[in-house]
Amino acid sequence: MADSLRGKLAIVGAFDTAVGVVPGKTPTELCVEAALGAMADAGIGRSQVDGLITCNAFAEPIMYHAEAVAEYLQIFPRYCFSVNTGGGTTFTVLHHAASAIATGMAEVIVISMADSLRSSMTREQAKRVQSSTGHPQFEQPYGITVPAYYALIAQAHMAEYGTTAEQFAEVAVSCRAHAAGNPTAQKREPITVDDVLASPLIADPLHLLDCSLVSDGGSAVVVTSAERARDCAQAPVYLLGVGEGHSHEHISQAQNLTTSGAVDSGRLAYEMAGLGPGDMDFAQLYDCFTPTVLVELEDLGFCDKGEGGAFLQTGATRPGGSLPVNTHGGMLSHCHPGNPGAMFALTESVWQLRGQAGERQLPKAEVGLVHGQGGIMSSHTSIILGREAA
Amino acid sequence: MGAGNEKILPPVTALTEPYWAGCREQELRLQQCDACGQYQFYPRSICSHCGHNELTWRRVSGRGRVASFSVVRRPMSEAYPAPTVIALVDLAEGPRMMSSLADADPDSLAIGQAVAVDFAEWSEDIFMPVFRLVTEEKQP
Ligand SMILES: [Zn+2]
Chain A
2 MADSLRGKLA IVGAFDTAVG VVPGKTPTEL CVEAALGAMA DAGIGRSQVD
52 GLITCNAFAE PIMYHAEAVA EYLQIFPRYC FSVNTGGGTT FTVLHHAASA
102 IATGMAEVIV ISMADSLRSS MTREQAKRVQ SSTGHPQFEQ PYGITVPAYY
152 ALIAQAHMAE YGTTAEQFAE VAVSCRAHAA GNPTAQKREP ITVDDVLASP
202 LIADPLHLLD CSLVSDGGSA VVVTSAERAR DCAQAPVYLL GVGEGHSHEH
252 ISQAQNLTTS GAVDSGRLAY EMAGLGPGDM DFAQLYDCFT PTVLVELEDL
302 GFCDKGEGGA FLQTGATRPG GSLPVNTHGG MLSHCHPGNP GAMFALTESV
352 WQLRGQAGER QLPKAEVGLV HGQGGIMSSH TSIILGREAA
Chain B
36 MGAGNEKILP PVTALTEPYW AGCREQELRL QQCDACGQYQ FYPRSICSHC
86 GHNELTWRRV SGRGRVASFS VVRRPMSEAY PAPTVIALVD LAEGPRMMSS
136 LADADPDSLA IGQAVAVDFA EWSEDIFMPV FRLVTEEKQP
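First to last, the sequence lines map onto chains A and B. Each residue of the first sequence is one higher than the one before, starting from 2 at the first, in my numbering. Each residue of the second sequence is one higher than the one before, starting from 36 at the first, in my numbering.
Be careful, since some hints might not be right.
[To be verified] Non-contacting residues of chain B with respect to chain A, defined by C-beta distances greater than 10 Å in every case (computed): (1) 56; (2) 69; (3) 88; (4) 93; (5) 102; (6) 103; (7) 134; (8) 151; (9) 153.
[Claimed, not checked] Where chain B lies over chain A, by a calculated footprint (3+ residues, C-beta under 8 Å): (10) 122-129; (11) 198-204.
No wet-lab data here; the hints were simulated from the structure. These figures come from a predicted structure and were not determined experimentally. Note that the Cβ used here is the ideal one computed from N, Cα and C, for glycine as well.
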């Protein structure tokens with residue numbers, strides 16, 4: 002069964018709205034705009050869509066979110082729901098969509114997500130709603146912020162493996178270097194390790210520039226079966242492997258602070274694809290905070306456990322490196338509108354694999370890995386995408 | 036969504052009331068499993084080790100060690116002082132809990148340091164368990 006979804010699903014449309022500070026548009030409007038853009042990219046009309054997956058928006062929660070978006074679009078799907086696994090949502094729903102297509106529950110599925118954390122919420126509201134991942138009785142009352150949750154992981158990694166603040170900062174520097182080549186990125190001015198360390202401490206050892214952005218934006222893809230994909234307007238991008246790992250919800254309950262469920266999600270995805278970390282031409286790794294990427298590099302097998310810091314310092318993840326990471330700039334430099342954040346890593350991967358990434362196009366982009374995680378390293382999904390179905 | 040000048044108070048349930056009653060009496064209480072003898076945190080209706088559904092509240096030592104920590108420089112809201120030290124504490128009886136470290140010098144913290152529980156009065160009903168650094172010789 003490990004290969005049951007390999008090569009069966011293709012992404013045939015991809016679209017991002019304007020991102021960063023996008024005032025005057027509600028999350029629903031951004032979600033609809035993204036969906037229509039991805040359908041146009043695929044050459045798929047509304048009447049051909051029989052599946053819709055969304056995620057709820059913090060800035061505009063709707064009880065029946067996907068149904069409301071379907072109604073707005075006037076599409077009438079037979080497969081329709083919204084998902085919330087935080088930052089893992091993007092790739093979790095891609096996994097569900099692949100299963101739905103393989104089992105005939107739907108044939109053409111639009112996955113669209115948007116939020117407006119920057120323009121439709123106060124900073125305090127955004128902080129509070131994001132930190133609600135904590136246990137309401139036994140964590141949240143202490144006033145712990147989201148950066149501080151991740152700082153607990155960073156401190157533990159530093160104590161266990163000798164990782165340094167300079168090594169975490171390398172992630173931010175690398176993402177910014179990629180963003181410099183992306184005209185849509187919210188932050189494009191190059192930064193150095195010293196700039197990161199000189200930025201204000203938010204939650205030790207994390208500085209301001211170790212933290213992702215707060216943004217508005219929407220993004221969507223259209224997925225269908227490999228057979229149907231051949232009739233679409235764009236070259237298909239195939240799903241080769243997918244796996245999930247869910248180890249805890251609350252960080253105080255994590256069995257291991259420095260090794261995550263990415264070990265499980267990665268192993269399952271590699272097994273399905275019949276590929277390993279060394280086969281990846283790029284990786285888009287969830288980067289809510291810099292330590293997240295360092296742990297993911299280790300847990301997904303791009304370097305040994307405890308060697309993430311040294312690996313980053315080789316420059317491997319930067320433009321021109323042996324494993325470019327977050328080629329659009331990631332959530333550290335491109336944009337981060339909350340739960341949809343990893344969608345932009347997915348659309349970027351589609352463009353890289355199609356050869357449509359413009360100035361930042363990688364010289365070799367045959368196969369790549371995308372990884373999302375939600376909660377506090379709680380809910381992991383890894384996806385391997387490729388230009389060829391097998 | 037609470038007002039910016041109010042701390043987040045724990046929503047106490049029937050199952051967790053003995054924990055918070057203990058805090059009001061300056062005692063840290065954990066559930067111990069009647070079947071396997073293991074302690075657990077947070078309180079649940081079942082044992083997180085063996086699944087047994089009979090558990091007994093016990094007063095525990097309140098001693099532990101810092102498993103990790105962070106100094107929160109940008110607080111959640113005005114209700115929380117900054118800097119505040121948040122910590123994961125490995126209790127002597129086994130479970131790990133989140134708490135804050137009271138009166139800790141942010142520059143001299145380290146993972147593994149010994150701590151002991153104390154209680155901060157937040158309201159008539161809520162005394163929050165917090166921890167203070169203790170010298171090693173006091174650690175049993
Ligand atoms: Zn038990």
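Hints, one by one, checked against the model:
1. No beta-carbon of chain A is positioned within 10 Å of the beta-carbon of residue 56(B); the least distance is around 14 Å.
2. At the 10 Å boundary, the C-beta of residue 69(B) stays outside the reach of chain A, the nearest C-beta of that chain being 22 Å off.
3. Consistency note on residue 88(B): stated as away from chain A, and its beta-carbon is indeed over 10 Å from all of that chain's, at 19 Å minimum.
4. Listed as a non-interface residue, residue 93(B) keeps its Cβ farther than 10 Å from every Cβ of chain A; the least gap is roughly 18 Å.
5. Look at residue 102(B): its CB is around 7 Å from the nearest CB on chain A, not clear of 10 Å, so calling it non-interface is violated.
6. With 10 Å as the threshold on Cβ separation, the claim that residue 103(B) sits away from chain A is violated: the shortest Cβ distance comes to roughly 4 Å.
7. Not every beta carbon of chain A lies more than 10 Å from that of residue 134(B), the smallest distance being close to 7 Å; the non-interface claim is violated.
8. Separation of residue 151(B) from chain A is adequate, the least Cβ-Cβ distance of about 17 Å exceeding the 10 Å criterion.
9. Listed as outside the interface, residue 153(B) is consistent with that label: its C-beta sits roughly 14 Å from the nearest C-beta of chain A, beyond the 10 Å cut-off.
10. Only residues whose C-beta sits within less than 8 Å of a C-beta in chain B count toward coverage, and the stretch 122-129 of chain A has 4 of them, enough to reach three; the restraint holds.
11. For the stretch 198-204 of chain A, the stated coverage by chain B is satisfied: 4 residues place a CB nearer than 8 Å to a CB of that chain, which reaches the threshold of 3.
Violated hints for the displayed structure, listed by number in ascending order: 5, 6, 7.
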